[in-house]
Amino acid sequence: MARFPEEYDDCERILAPDGSYDAEAVAALDLTDEELRGMYGSMIQARALEERGLTLQRQGEFHFWMECRGLEASHVGPAAALSDRDWMNTEWRQYGAQIQRGRPLEDILLFWLRGYEEWAADSIAEMEPYERRMPHIVAVGTQLPQTAGLMWGRKLQGKDEVGLVSVGDGGASKGDFHAGLNFAGALELPVVFLLLNNQWAISTPVERQTAADTYADRAAGYGFEGTLVDGNDVLATYRATKRAVEAARAGEPHLLEVLTYRRGAHSSSDADDYRENVDIEAWRERDPIDRYETFLEDRGLLGPDDFESIREAAEERAREAAESALEIAETQSPEEVFDEVFANPPDYVDDQREELLDLVDRHGEAAFRW
Amino acid sequence: MARFPEEYDDCERILAPDGSYDAEAVAALDLTDEELRGMYGSMIQARALEERGLTLQRQGEFHFWMECRGLEASHVGPAAALSDRDWMNTEWRQYGAQIQRGRPLEDILLFWLRGYEEWAADSIAEMEPYERRMPHIVAVGTQLPQTAGLMWGRKLQGKDEVGLVSVGDGGASKGDFHAGLNFAGALELPVVFLLLNNQWAISTPVERQTAADTYADRAAGYGFEGTLVDGNDVLATYRATKRAVEAARAGEPHLLEVLTYRRGAHSSSDADDYRENVDIEAWRERDPIDRYETFLEDRGLLGPDDFESIREAAEERAREAAESALEIAETQSPEEVFDEVFANPPDYVDDQREELLDLVDRHGEAAFRW
Amino acid sequence: MAAEKLTLVEAVAEAIHDEMAEDESVVLLGEDVGRSGGVFRATEGVYDAFGPERVIDTPLSETGIAGAAIGLAASGMRPIAEIQFMGFTYAALEQLFTRAARMNARSRGQFPCRMVLRAPFGGGVRAPDLHGESMEAIFVHHPGFKVVAPSTPHDAKGLLTAAIRDPDPVMFFEPKKIYRSFREDVPEGTYETPIGEAAVRREGSDVSVFTWGASTRPTQEAAEAVAGEGIDPEVVDLRTLSPMDTGTIVESFKKTGRAVVVHEAPRTGGLAGEITALLQEEALYYQEAPIERVTGWDAVYPLYELEDFQLPNAARIEEAIRSVVEV
Amino acid sequence: MAAEKLTLVEAVAEAIHDEMAEDESVVLLGEDVGRSGGVFRATEGVYDAFGPERVIDTPLSETGIAGAAIGLAASGMRPIAEIQFMGFTYAALEQLFTRAARMNARSRGQFPCRMVLRAPFGGGVRAPDLHGESMEAIFVHHPGFKVVAPSTPHDAKGLLTAAIRDPDPVMFFEPKKIYRSFREDVPEGTYETPIGEAAVRREGSDVSVFTWGASTRPTQEAAEAVAGEGIDPEVVDLRTLSPMDTGTIVESFKKTGRAVVVHEAPRTGGLAGEITALLQEEALYYQEAPIERVTGWDAVYPLYELEDFQLPNAARIEEAIRSVVEV
Ligand SMILES: Cc1ncc(C[n+]2csc(CCOP(=O)(O)OP(=O)(O)O)c2C)c(N)n1
Ligand SMILES: Cc1ncc(C[n+]2csc(CCOP(=O)(O)OP(=O)(O)O)c2C)c(N)n1
Ligand SMILES: [Mg+2]
Ligand SMILES: [Mg+2]
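Those protein sequences? They're chains A, B, C and D, same order as listed.
Take the first sequence: its letter number 271 is residue 271 in the UniProt record's numbering, and every next letter is one higher.
Take the second sequence: its letter number 305 is residue 305 in the UniProt record's numbering, and every next letter is one higher.
Take the third sequence: its letter number 179 is residue 179 in the UniProt record's numbering, and every next letter is one higher.
Take the fourth sequence: its letter number 73 is residue 73 in the UniProt record's numbering, and every next letter is one higher.
These are computed hints drawn from the structure, not numbers from a lab.
All C-beta atoms in this analysis are idealised placements derived from N, C-alpha and C, irrespective of residue type, glycine included.
Among the clues, some could well be false.
[To be verified] Straight-line distance between alpha carbons at most 20 Å, and here's what the computed EDC-like set of lysine to aspartate or glutamate pairs gives:
1. B:LYS159 / B:ASP122
2. B:LYS242 / B:ASP30
3. B:LYS242 / B:GLU188
4. B:LYS159 / D:ASP23
5. D:LYS5 / D:GLU188
6. D:LYS255 / D:GLU281
7. C:LYS255 / C:GLU288
8. A:LYS159 / C:GLU53
9. C:LYS255 / C:GLU203
10. A:LYS242 / A:GLU225
11. A:LYS242 / A:GLU188
12. A:LYS242 / A:ASP160
13. C:LYS255 / C:ASP206
14. C:LYS254 / D:GLU288
15. B:LYS242 / B:GLU24
16. B:LYS159 / D:GLU24
17. D:LYS5 / D:GLU184
18. A:LYS159 / C:GLU24
19. A:LYS159 / C:ASP23
20. C:LYS254 / D:GLU281
21. B:LYS159 / D:GLU53
22. D:LYS255 / D:GLU197
23. D:LYS254 / C:GLU288
24. B:LYS159 / B:GLU128
25. D:LYS254 / C:GLU281
26. B:LYS242 / B:GLU225
27. A:LYS242 / A:ASP22
28. C:LYS255 / C:GLU326
[Said to hold, decoys possible] Reference listing, derived: stretches of chain C covered by chain B, where coverage requires no fewer than 3 residues with Cβ under 8 Å from a Cβ of chain B:
29. 86-95
30. 121-127
31. 291-301
32. 308-318
[What the hints assert, rightly or not] Residues from chain B shown here face chain D by an in silico Cβ test under 8 Å; the list is partial:
33. THR142
34. PRO145
35. GLY149
36. LEU150
37. GLY153
38. ARG154
39. GLY180
40. ASN182
Looking at chain A on its own, in the form it has when it is part of the complex (with noise of 0.2 Å):
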């Protein structure tokens, strides 16, 4: 595979990493400026999300932190081109995919302390657009014909949605990978698989995961089509997500790679000290953040001035969210080690929660940690 999308002839763009861009493209978009403010918005927002994680995790408040910086536009824009009546199924790195989506900077920060997630919504028809996703997967690729399966049910049930799905280049790999876009093929669902190929799983490059040319040539063999997008350019992505969305929802399925660049370390855990040839340089000088105030500049919908005032505030509601997060995780107690394991619980249930229950009040709660 080769490293920029400028080497594969076929790789869609809207955007230059200068901020070049291709004006006609963008009046097709058909965006309004609220809307190219508001991708900006949550590009930013991720960004400094991932500041106030990174900075927790290592003043030891938080457990683990996946690295975001430079991938915002990969799945902000495709965020971006749903409905909110559709589905989005990211995984954990996606902060920007559902901050766009409106998901409380707090709650994606709770996942994190507490490794299980809550809705506020009693039922699906309730549901915020954030809400419409399902809990957060950690095998990974398994959320692939999961999602079939979702966008099966709600098109049995005659619902006219999308779902939308990401895999890594990595999680690519996997059998569910097969499964959920063979599945998708054959079943005619209403399923956008959007391929993240941020060219690293931790350690491996993508040359060693796979020899195929591109993501989007898998596509063919599951009887659709398939897109390969430059995954910095925020405009880029939506347009192309906004396509797939509308053959999705005619029933064709589609593979929607989007070529970007983990600049970070893979996670909190990661010493990030195997890399061979990187050239993280040229990847910042591709930054879509940076391209993309380069066209909000030009356009005159935003300024220097604006792009401070937003990262600030940005800073700031990361910091409170963490502080709330932080605060509300301080309350977990033994007794959730049994909540929810069953939503019609058997017996042993309440009697093994009563046996602990009684431990802790015994030893108290001191003697359990270590």
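Keeping the supplied structure of chain A fixed, place chains B, C and D with the ligands upon it in accordance with the hints.
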């Protein structure tokens, strides 16, 4: 997916259903008369074995049998294209491939009677060509990454060997398919993937198995080439495999889709009452043996009397092999339950074997039969 | 309620049929479950009744089937997924363990994983490798599942109905050896046999024999045989393996003070160990003899003719009963 | 032999390194095992020593890793496959159960499946879901595997060496919580700690405590604590879970007449049941009190701070010891 090979522009063929052929292509095959007759013998022997197996199954001698008629060319040609040192991991249904490589009929049948296989060779170095295979898998598709691993190992040992592994149109939906092909591509392994598209996986037709236009299209997603071949043309399957084997030997895996049709039931347990719009007759007209006989006659290699005598000899051999296999299988004794559970068995194996033998001793074998 | 004489496999088909008729959100998916009615005909007639929208012959991928079922459940549907044989559930385990079992907990109740995964289990049908597996213990060990294994047509229908209605993921294992072994009266119309309740198949006072699935048959035979010798065994068919009916198990043991556990699964790490530990903890002071296990051997499942020596048979069970009673 | 102070994870790396140096047919494969030295650095330095031919960063597919390892074994190589966490072995189970465990039997010895599958197991590192699994029981239950779980650097090196040399598929589970908890003298050069032998970590006469992996630490702590109260526990670290060292287990119990089994895995269907059944069968008449289990709860593994309440700790173990001794 279309149903007949001729509906695909790029489907390779040498012999047409009516026996007419591309003489230049035949010359280029560089096959001796002996070799051309040999493939005929294998196909005839496979069909004779098939008939014997079905009869014995109906008589209750075999518990289970998988049907093969009409599929002979799809695997005999590929088996013939291998060198003696190459490996071949086909599935059970491919009797002809085993026969072509010299596997004794008795040995093939014994697998159906005992569920395990035996090798005469002490080591890989001493194996006959037909012994160069892994034991049959039962979980469909699992053979693919295994064959990748096998050939990886042989490559690491500096051997110039290629592995041919077969999978069906159904098995191609398993995650193992994805893993096997992707590993082979990424690690540049000498593997030829033989996709035997007989258009049915038990009751599931290929149109419901996948929306892909051809399976050969999947190769690009793993970074190598794919070819579609008329699976009822033994010369075409031979040629395409030969080419694929050469590519694999040079480090380039290959996906060979061989398009044929399962005319019979899936297995002896299958009522075969589920097919819609089947055109068995159209496929009988495309029978691989019929067209090859026309070819052989035209070339003066064999005539009607030869066909007759070859068939009779094949039937006789199948009968003898079955008798002998049944006789050998009779000799199974209770302690075999524990045979080779481990290469280096822990004590409990002996303990349990003794426990069983003691039970059999005291109660008699009859008490264990139902 | 009127009743009809059904085999176990017919009772399975009837439960599916009736629940699909009652609840539009029930769908059936799996390999060959539709047009062919399943390799064991356990879904016979269902496709004809409900058509290709609700009865789907899937591509050949157990990962895909389980994954899709999980997604269907999340969407609000109630999927019944068939895996052709328990030995083919292995490719579904990642989906089941990492997701089906955890979804309710990880979403704090927002997305219960209402699904049933059906698979025939156990040996005795002279089929190839992987067609005789009894690995129910691994599903019992992994938290988050309910695990059911009926042994009669009546229970098969009632338990499957309960499983389909249960909000949690239920692994429903059908004893294929006795799919067609006998018929019994099965009520027409829907009814539930509660998940989590064992059935005492034979009351007795001398020894408790615990078993489930196809092994209940040789166990009952053995019990009748030793009854002729003056031993009075109680036979408890667990029916549900998770949650186990610990009440019934412990009560029976307190009465008899002796126990034999019978299962087809390999001995080591099988559920006989769990039952023994339970009796230890709850009723040691009632115990009068070592608890014996009559199980499959710790062997790679032996095929065809050799199956006969792997599965617990009446002779072995009788012997175990006599041996614990004689102590 | 000279010795060096190593942590458990360093001992693992050393065993791999030494065996690769001794035997050309040993290769290492897995996600991130090469250039990065593994997410836990358990293969640190191995890539530098043996290069990209013998140390392979594979694509992200546990199915592929296990399948390739099985094929490598068939080719005559001796693969060591790493699965990043036990919770990711699930995608490998079909390959392992249907093939690795059966290959020797189904080829009647022609193709032994000489492979080691290494995976860190157990909780306690405050990592996300699937990073705290203890599902060793499912591998013990499936015939055809050997299953090893060391708890000290010395044993880790010796057992891994033995595992690599063993002709059968060995599941090698490393207690990640104590990867770096302490150092001990580990001999330089290669040596084998025999598979199938338990280690008595503390001799005692009042009660036998059976455990393995990371739980040996709180168990030893608890043993010392109650020793101060005049109770004299014997601590047996099983080290190998299949085959279990039934001799040592039964002997210890015959001596003490009382037992506690400690494991992180969920209680129901865990190996404590197996051990209890074994003691029942072999030594009931030595038994003086119910055998207690101190285990993980039957809960979906609780994460981060809540882990503390899931894992057996010294307080719970002490209490169980006291309770069985007081009877
Ligand atoms: C089944 C499974 N195997 C291994 C892991 C450990 N793991 C977590 S993230 C990761 C790499 C994923 O790479 P990619 O799919 O490219 O996503 P990215 O991290 O780049 O966003 C790995 C191996 C996992 N979570 N699940
Ligand atoms: C993992 C797995 N699932 C299901 C089965 C049951 N089964 C046996 S053969 C078969 C169909 C295979 O179809 P295909 O791959 O096209 O091969 P064919 O039978 O046509 O030769 C199925 C579903 C199996 N053996 N393995
Ligand atoms: Mg990546
Ligand atoms: Mg087929």
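Against the structure, the hints come out as follows:
The hinted pair formed by LYS159 of chain B and ASP122 of chain B meets the criterion: a straight-line CA distance of about 18 Å does not exceed 20 Å. As the CA atoms of LYS242 of chain B and ASP30 of chain B are separated by approximately 11 Å, the hinted pair is consistent with the 20 Å bound. A threshold of 20 Å between alpha carbons decides the hint, and for LYS242 of chain B with GLU188 of chain B the separation of about 18 Å falls inside it, so the pair holds. About 18 Å separates the Cα atoms of LYS159 of chain B and ASP23 of chain D, which keeps this hinted pair within 20 Å; it holds.
Annotation: proposed proximity of LYS5 of chain D to GLU188 of chain D holds, straight-line Cα distance about 10 Å (limit 20 Å). Pair hint LYS255 of chain D plus GLU281 of chain D holds up; C-alpha atoms about 16 Å apart against a cutoff of 20 Å. Between LYS255 of chain C and GLU288 of chain C, the direct Cα distance comes to roughly 11 Å. Compliance with the 20 Å bound is thereby established for this hinted pair. Restraint check: the Cα-Cα separation between LYS159 of chain A and GLU53 of chain C comes to about 15 Å, which is no more than 20 Å; the hinted pair holds.
Distance check on the hinted pair: LYS255 of chain C and GLU203 of chain C sit about 11 Å apart at the alpha-carbon level, within 20 Å; holds. Between LYS242 of chain A and GLU225 of chain A the alpha-carbon distance is near 14 Å, which keeps this suggested pair within the 20 Å criterion. Between LYS242 of chain A and GLU188 of chain A the alpha-carbon distance is near 18 Å, which keeps this suggested pair within the 20 Å criterion. Of the pairs offered as hints, the one joining LYS242 of chain A and ASP160 of chain A holds, with about 15 Å between alpha carbons and a cut-off of 20 Å not exceeded.
At roughly 8 Å between alpha-carbon atoms, LYS255 of chain C and ASP206 of chain C fall within 20 Å of each other, so this suggested pair holds. With a C-alpha separation of about 18 Å, the suggested pair LYS254 of chain C and GLU288 of chain D falls inside the 20 Å cut-off, and the hint holds. At roughly 17 Å between alpha-carbon atoms, LYS242 of chain B and GLU24 of chain B fall within 20 Å of each other, so this suggested pair holds. With a CA separation close to 15 Å, the supplied pair LYS159 of chain B and GLU24 of chain D stays within the 20 Å bound.
Only pairs whose Cα atoms come within 20 Å are accepted, and LYS5 of chain D paired with GLU184 of chain D is accepted, the gap being roughly 5 Å. Simply put, LYS159 of chain A and GLU24 of chain C have alpha-carbon atoms about 15 Å apart, close enough for the 20 Å limit, and the pair holds. About 18 Å separates the Cα atoms of LYS159 of chain A and ASP23 of chain C, which keeps this hinted pair within 20 Å; it holds. This hinted pair checks out: LYS254 of chain C and GLU281 of chain D have alpha carbons roughly 19 Å apart, not beyond 20 Å.
Restraint check for LYS159 of chain B and GLU53 of chain D: the C-alpha separation of about 15 Å stays at or below 20 Å, so the hint holds. A C-alpha spacing of about 18 Å is found between LYS255 of chain D and GLU197 of chain D, which places the hinted pair at or below 20 Å, so the restraint holds. Between LYS254 of chain D and GLU288 of chain C, the direct Cα distance comes to roughly 18 Å. Compliance with the 20 Å bound is thereby established for this hinted pair. The suggested pairing of LYS159 of chain B with GLU128 of chain B holds, with an alpha-carbon distance near 16 Å, which does not exceed 20 Å.
Straight-line distance between C-alpha atoms of LYS254 of chain D and GLU281 of chain C comes to about 19 Å, which keeps the hinted pair within the 20 Å bound. A hinted pair counts as satisfied when its Cα atoms are at most 20 Å apart, and LYS242 of chain B with GLU225 of chain B qualifies at roughly 14 Å. This hinted pair checks out: LYS242 of chain A and ASP22 of chain A have alpha carbons roughly 18 Å apart, not beyond 20 Å. Using a Cα cut-off of 20 Å, the hinted pair LYS255 of chain C and GLU326 of chain C holds, with the two alpha carbons roughly 17 Å apart.
For the segment 86-95 of chain C, the stated coverage by chain B holds: 4 residues have a C-beta nearer than 8 Å to a C-beta of that chain, and at least 3 were required. With a threshold of 8 Å between beta carbons, the proposed coverage of the segment 121-127 of chain C by chain B holds, since 3 of its residues qualify and at least three are required. With a cut-off of 8 Å between beta carbons, the segment 291-301 of chain C has 4 residues touching chain B; three or more are needed, and the interface restraint holds. For the segment 308-318 of chain C, the assignment as covered by chain B holds, since 7 residues bring a beta-carbon within under 8 Å of that chain's beta-carbons and 3 suffice.
For THR142 of chain B, the suggested interface contact is upheld, since its CB lies about 6 Å from the closest CB of chain D, less than 8 Å. The restraint placing PRO145 of chain B at the interface with chain D holds, with a minimum CB-CB distance near 3 Å, inside the 8 Å limit. For GLY149 of chain B, the interface hint holds, since its Cβ comes within 8 Å of a Cβ in chain D; the closest pair sits about 2 Å apart. For LEU150 of chain B, the shortest C-beta to C-beta distance to chain D is roughly 4 Å, which falls under 8 Å, so the interface hint holds.
Among the interface hints, the one on GLY153 of chain B holds; its C-beta lies about 3 Å from the nearest C-beta in chain D, closer than the 8 Å criterion. For ARG154 of chain B, the suggested interface contact is upheld, since its CB lies about 5 Å from the closest CB of chain D, less than 8 Å. Here the hint on GLY180 of chain B is kept, as its CB sits about 7 Å from the closest CB of chain D, short of 8 Å. This hint holds: ASN182 of chain B has a C-beta 5 Å from the nearest C-beta of chain D, less than the 8 Å allowed.
Hint compliance for this structure: every hint is met.
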